[in-house]
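K.L.:
Here's the letter readout for the chains.
2 protein chains.
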Amino acid sequence: MTAQRRRPGRRPGAVDTRGEILAAARKVFAEKGFDKATVRGIAREAGVDPALVHHYFDTKEGMFAAAMQLPITPEQVIPLLLEGPREEIGERLVGMLLRVTAEPEMREPMVALLRSAMTNEQAATMFREFILHALLYQVADRLGVPHLRVEAAFAQMFGVIMGRYVLKLEPLASASIEELVELLAPTIQRYFYG
Amino acid sequence: MTAQRRRPGRRPGAVDTRGEILAAARKVFAEKGFDKATVRGIAREAGVDPALVHHYFDTKEGMFAAAMQLPITPEQVIPLLLEGPREEIGERLVGMLLRVTAEPEMREPMVALLRSAMTNEQAATMFREFILHALLYQVADRLGVPHLRVEAAFAQMFGVIMGRYVLKLEPLASASIEELVELLAPTIQRYFYG
Chain A
16 MTAQRRRPGR RPGAVDTRGE ILAAARKVFA EKGFDKATVR GIAREAGVDP ALVHHYFDTK
76 EGMFAAAMQL PITPEQVIPL LLEGPREEIG ERLVGMLLRV TAEPEMREPM VALLRSAMTN
136 EQAATMFREF ILHALLYQVA DRLGVPHLRV EAAFAQMFGV IMGRYVLKLE PLASASIEEL
196 VELLAPTIQR YFYG
Chain B
16 MTAQRRRPGR RPGAVDTRGE ILAAARKVFA EKGFDKATVR GIAREAGVDP ALVHHYFDTK
76 EGMFAAAMQL PITPEQVIPL LLEGPREEIG ERLVGMLLRV TAEPEMREPM VALLRSAMTN
136 EQAATMFREF ILHALLYQVA DRLGVPHLRV EAAFAQMFGV IMGRYVLKLE PLASASIEEL
196 VELLAPTIQR YFYG
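The listed protein sequences correspond, in order, to chains A and B.
Positions 16 to 209 (my numbering) are the ones given, in order, by the first sequence.
Positions 16 to 209 (my numbering) are the ones given, in order, by the second sequence.
Where hints are given, some of them may not hold.
A pair counts as met if it fits within one copy or between any two copies, since identical chains are not told apart.
[To be verified] Restricting the straight-line Cα-Cα distance to at most 27 Å, the calculated cross-link-like pairs of lysine-lysine (DSSO-like) are:
1. Lys183 to Lys42
2. Lys75 to Lys47
3. Lys183 to Lys47
FYI, nobody ran anything at the bench for these hints, they're computed from the structure.
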């Protein structure tokens, strides 16, 4: 579930080009934020041709996800939301987010990113721009839902995931996914199509 | 809106007893967590009689709020929730939380506490125990609402306040309180009495 298009076998003696691109991407995203960073700028920082960056990463979003070690990219999430009946979107979204974040290796990179966003203004800008432009506005615009309503849904699920895994509030932390879907899906459904 | 019962005028030359009790409280809460800390233990740490601690602070919750510089205590919040019609509790709760957190001097101590809870396991335990036992379980038990439902409501409002003031997501960050009450109150109302 990583973001690269293909993972070429590491050639013996070859430099780790993908790793160098990701290191350059982390630096450029941190300095410029998500919006102002460009594939061209990241290629320049890594000292490679932009075509080589495109060889490893389809999109800036995918590169960001790989650089931050995020387990899933918006391009993977959005189609899952869009397929299936519109009246079940709340259920699909809550179920998917709870299943993905149940895995520590999926969840921890996101918590790490949030932790830096809470303590560092540059990281906060980068996180905000990514969340908004690569995720929330995309979902909102493709579904025709006002941005504020998608952000209310994000806030609900963000709070649940924080309460469950970071603050470890009981009984939220040990509730089953099914129980939480039943409780939370109507909220998300109302924000999207209420 | 601070938590002390009375604020005696600082006598010239007198030591800052209240300040010393709060310093001791911060130390004991951090070491023992909220649940295991006692007024007696805090008095011992401060080198004063427990009666003197009670002179400044009615309750352990009030002392915690003062020690962490929280602007409001659960004892102040809970009666506001309980008074007024039950079918307007969502509106009352959302309105109150948004009005309180609109003031930076009210919000910042809470964000600071959360920041430490996210990066330090001891601070996380202290924050969790306070949130649960002094706030969420109290509200749940007095209203007869299951704990999980009160935590879902907490998660919604926690996410909104984080999204609005820490992540600064637009349009959430600049939406009016009225608009947010209209959007969010039905969610909270459903969790409490849905």
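K.L.:
If a hint holds in the structure, say so; if it doesn't, say that too.
P.N.:
How the hints compare with the structure:
no. : hint            : in the structure
1   : Lys183 to Lys42 : between (32 Å within a copy, 23 Å between copies)
2   : Lys75 to Lys47  : within (13 Å within a copy, 46 Å between copies)
3   : Lys183 to Lys47 : between (34 Å within a copy, 17 Å between copies)
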